[in-house]
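A.B. asks: Add 275 to a position in the sequence shown, counting from 1, and you land on the number used in the working numbering.
Hint data in this document are derived by calculation from the structure and do not stem from the laboratory.
Predicted model only: the values in this text are computed from it and were never measured.
Here a beta-carbon is modelled for each residue, glycine too, at the ideal position from N, C-alpha and C.
Check before you lean on any hint, since a few could be wrong.
Under the rule of at most 20 angstroms between Cα atoms (straight-line distance), these lysine to aspartate or glutamate pairs were calculated in the EDC-like manner [said to hold, decoys possible]:
hint : residue 1 : residue 2
1    : 529       : 635
2    : 456       : 601
3    : 456       : 584
4    : 594       : 584
5    : 529       : 473
6    : 623       : 648
7    : 529       : 611
8    : 560       : 648
9    : 297       : 611
What follows is a set of in silico ranges between Cβ atoms, one per label pair, in the way DEER data are often shown [as the list claims (entries may be wrong)]:
hint : residue 1 : residue 2 : range
10   : 531       : 576       : 56 to 62 angstroms
11   : 346       : 610       : 44 to 50 angstroms
12   : 457       : 298       : 25 to 31 angstroms
13   : 391       : 475       : 44 to 50 angstroms
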Amino acid sequence: MNKKPNVYAFISYSSTDRQVAKELYDTLSGKRFHIPCWLDVINIDRDEVSFQQQIVSGIQNASCLVLVDTRDAALSNYVQRELDTAKKHHVPVIHFKVSDKRPSFAKKLQFTWLAQRIRFRITQPYWVSLTLLITLLIAMFVIVTFLGTKTVPAVQQAYQRILPEAVWINAEAEYSDIDPKEAAPFRYDPPNKLLSDDFVGDDKFDQNYYDYEQFVAEDLLSVSQSGGSLNLFVSENCIFDQSCYYRQLMNGPKVNLQYFQYFGIRLRSLENNPYQVVAIALGAKNTSGVTKGFGWEFNNNVSGFFRSDSTLPETGFAKSIILDEDWHAYEIFLDEENELLYFYIDGKLLGNYALQFYDEWETAPLYLRFTIERIYQGEETQLSDTAIQIDQIVLGGFQ
C-alpha cells in the first residue's frame, strides 16, 4: 500500500464474487466517488511478504471493511477470517448486498449510499461518524415510519441493511498469529533427515535441492519463499492457458526407498479450484503434469494417492477428504518389512496401500515434485485461484 493508513476501504469477497468485487473497486475508486480502496488482486505485491500477511496488514490499516455480501461469502472460511481480523482490530464492517434482481437505478442508489457510509469513516473522526450515522438512521426511521415502505423502498433496504449487520461475527485468534507447528504437529520425527526445510532464512531456494523455474506462464504461476513459508500460486486463468501445464512447478531432491521411510509436509490451502489439481509427491521425473509415484493432491479435496508407472500394472490407491483452509500435517510412512505405505492426516490414518512391485520401486529414482493438472471440462464459469502455503517439508528415514 502506498497510501497512508486509515484512508481506504478494504474490500472482502469470496472468490466466486471476484467480478462483483472488481466492479465495486472500479466504481468506488473511479471519478464519481474518488474513494481509495484495497483489493487483493490489485494491491497484493507478490515480491513482498506472504500475501496473507499483506491481507492482514491491509485490514489493520483500513478505515473500514466492505463485505461483498453473498451466500458464497457467508460460506467462505477465508472471508470469515477476514471478518474476524477486522473485529479484532476494531475495523468497522459495511455490508454490500448483491442482488441480480435490483434495477439499475436502485443499484446506483446503493453505490451512492455505500460511498457515503465509507466517507463517514474515511473523512471524519469516529465520534463524528457515529453521530452523523445515528442522525441519518433516525431520519430514515422517521421517513420509513411515516411515509411507508412502498414510497421509499430503497431507503427501507438501506435501513434494514445497517442495524442487524453492523454486529460483527465472534472472533477467534487472528489467522496470521497461528503457529503451524502447534496447529498441525507431525506424528513422526525421523532421526535421519534427507531434507528438513522450514523455509526460514535465505530469500532464495538452495538450487541443489530445488529447481523451480521450469514453467513458462510466469504471469499465471508463482513459487516464492517469504515469511518462513513456501507459497504456491496458480491463477484461475491457467484453466484457459495450456502453457501452465507443460511442466511441473518445481522439482526437489532425488531419493529412493532404500534410504527413505518418511515423507511429511505441513501446509494450508488458502484458496482452491476444483478444476485444478496441485500435487506434492515423490515420483519419477518426467515432463507430464501427472505424477507416477505417491503423495498428496489438492483441489477442493485433499487426496492421498499411489499411482503406478505404466510398466508396472498395479491397481493404485486414492482416498480423499474435504479440504479446508486450516493448517494440516500430511505424512506418508513406509513399512519396509510389510511393503506398505501408510497415509496420515494430522496423525490419523487415512488409509494404506500394499506395494505390489516393491523391489522395482525400491531402486527407482524418485523426486520431490510439485505439479499442476487441469481437470476442467469447459462447463463451469465460477472459477478461483489456487493458493497453497507450505510451512515445512521433511524427508527422512528411521535407520
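A.B. asks: For each hint, tell me whether it holds in the structure or not.
C.D. replies: Results of checking the hints against the structure:
1. 529 <-> 635: holds, 16 angstroms
2. 456 <-> 601: Within the cut-off at roughly 12 angstroms; holds.
3. 456 <-> 584: Status violated; Cα separation ~34 angstroms.
4. 594 <-> 584: holds, 19 angstroms
5. 529 <-> 473: Holds: residue 529 and residue 473 sit about 19 angstroms apart, inside 20 angstroms.
6. 623 <-> 648: Violated, because 27 angstroms separates the two Cα atoms, which is more than 20 angstroms.
7. 529 <-> 611: At roughly 19 angstroms apart (the allowed maximum being 20 angstroms), residue 611 and residue 529 satisfy the hint.
8. 560 <-> 648: Cα-Cα ~15 angstroms, so holds.
9. 297 <-> 611: The hint is violated at about 54 angstroms.
10. 531 <-> 576: 56 to 62 angstroms: violated, 29 angstroms
11. 346 <-> 610: 44 to 50 angstroms: At 46 angstroms between Cβs, range holds.
12. 457 <-> 298: 25 to 31 angstroms: Violated - the Cβ-Cβ distance for residue 457 and residue 298, about 40 angstroms, lies outside 25 to 31 angstroms.
13. 391 <-> 475: 44 to 50 angstroms: holds, 46 angstroms
Consistency with the previously given hints fails for numbers 3, 6, 9, 10, 12, ordered from lowest to highest.
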